[in-house]
Amino acid sequence: MLNKDDIRRYSRQLLLEEIDEDGQQNLFNAHAVVIGLGGLGSLVARFLVGAGVGAGAGSLTLVDGDVVDVSNLHRQASFNETYLGDLKTRALHCELNKVNPAVNLAIKSQFADETNLPDIVSAATCVIDCTDSISTRMEINRACVKAQIPLFITAASGLSWQSVNLPCGDSETSCGCYHCLVSQIKVDENCSSHGILGPVVGMAACHQATQALLFLAKRHLTKIQWGEYIVGNAINGTTNSFHLPPLPNCEVCQ
Amino acid sequence: MNHTSDSHISIENSRQRIELVVNGENKTYLSPITLLELVMRDALRQEGTAIAYNQSIVSRCQWSNTHLKDGDQIDIFTLVAGG
Ligand SMILES: [Zn+2]
Numbered sequence: 001m002l003n004k005d006d007i008r009r010y011s012r013q014l015l016l017e018e019i020d021e022d023g024q025q026n027l028f029n030a031h032a033v034v035i036g037l038g039g040l041g042s043l044v045a046r047f048l049v050g051a052g053v054g055a056g057a058g059s060l061t062l063v064d065g066d067v068v069d070v071s072n073l074h075r076q077a078s079f080n081e082t083y084l085g086d087l088k089t090r091a092l093h094c095e096l097n098k099v100n101p102a103v104n105l106a107i108k109s110q111f112a113d114e115t116n117l118p119d120i121v122s123a124a125t126c127v128i129d130c131t132d133s134i135s136t137r138m139e140i141n142r143a144c145v146k147a148q149i150p151l152f153i154t155a156a157s158g159l160s161w162q163s164v165n166l167p168c169g170d171s172e173t174s175c176g177c178y179h180c181l182v183s184q185i186k187v188d189e190n191c192s193s194h195g196i197l198g199p200v201v202g203m204a205a206c207h208q209a210t211q212a213l214l215f216l217a218k219r220h221l222t223k224i225q226w227g228e229y230i231v232g233n234a235i236n237g238t239t240n241s242f243h244l245p246p247l248p249n250c251e252v253c254q
Numbered sequence: 001m002n003h004t005s006d007s008h009i010s011i012e013n014s015r016q017r018i019e020l021v022v023n024g025e026n027k028t029y030l031s032p033i034t035l036l037e038l039v040m041r042d043a044l045r046q047e048g049t050a051i052a053y054n055q056s057i058v059s060r061c062q063w064s065n066t067h068l069k070d071g072d073q074i075d076i077f078t079l080v081a082g083g
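Residue numbers (UniProt numbering), protein chains in the order written: chain A, 1 to 254; chain B, 1 to 83.
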């Protein structure tokens, strides 16, 4: 049962059948993990906290070892000049507490890697990959497939954003994993050289937060699409969606 | 109609014209052609390139044995990873 304060705070989203009271309870009890607190993660976390993810028996874990830099401020909407040089985990914790102090926030001020990821993702209801390199994304994918934890991936660069929801074994959908997508592709790792417009990464983050919230509210009853790779073009405002099939003999998911 | 290229095709009578929709645009190619040959022919940058064939992503190792037919839809995009 939601109390009077909860009903008031979450009234606008409770009106949606995709959330409603059951969904809100699921949001309270969800354990969500946001990895990477840049343009994507700082905004995704803001929406999850606002929606009450982890405000009951659950939690919201924020993972990043980076500090706030002045060059971040054009796109990383949750930070401001008072946090320059501070750990992003601490800065975000401080800001998010002002939004919704009922959320059980946990911070891990470290860069996700092969060794700490099994611990970071364990017990998560879902993992939200907001990192910025292929190699880290591949390690997150590997850890989520191994632990069978649904994974929400989004990326942005230039004026393009891309996104995919991966069931990671916890669904009947036959789709590939992130390794299936990128293992054959030579990708230029240095993304910082391509530039990015603030609201473009914001569009990606808003999509990712929406997908994660719909899943966390209704779990596998949600109608969100799994294994569909979305390519968004911020210039003409279009998106295309392509099925991501499993790669035969994928060393991670097959 | 371009008569020069038509007569050129009639010489190569084993080759047929097919229309493909590449990134939303109708384009004419000579069949048989694979996905890899299309990428090579159009001199597309292969670094970071992903391809969807009729709305399904095709891994790079399958480009050379994906034979294109008239009306097929090809979407070529660059994978991004920033955040
Ligand atoms: Zn795979």
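Please note that the accuracy of each hint is not assured.
Now the stretches of chain A that chain B is said to cover, found in silico as 3 or more residues with beta-carbon under 8 Å [said to hold, decoys possible]: (1) 76–90; (2) 138–144; (3) 148–161.
To give an idea of the chain B side of the interface with chain A (calculated C-beta under 10 Å), a few residues [stated by the list, open to error]: (4) P32; (5) T34; (6) E37; (7) Q46; (8) E47; (9) G48; (10) A50; (11) Q55; (12) I57; (13) V58; (14) C61; (15) T78; (16) G82; (17) G83.
Read the hints as simulated data drawn from the structure, not as lab findings. We put the CB at the ideal spot given by N, CA and C, even for glycine.
*Check each numbered hint against the structure and report the violated ones by number, ascending.*
As far as the earlier hints go, 1, 2, 4, 5, 6 are violated by this structure, in ascending order.
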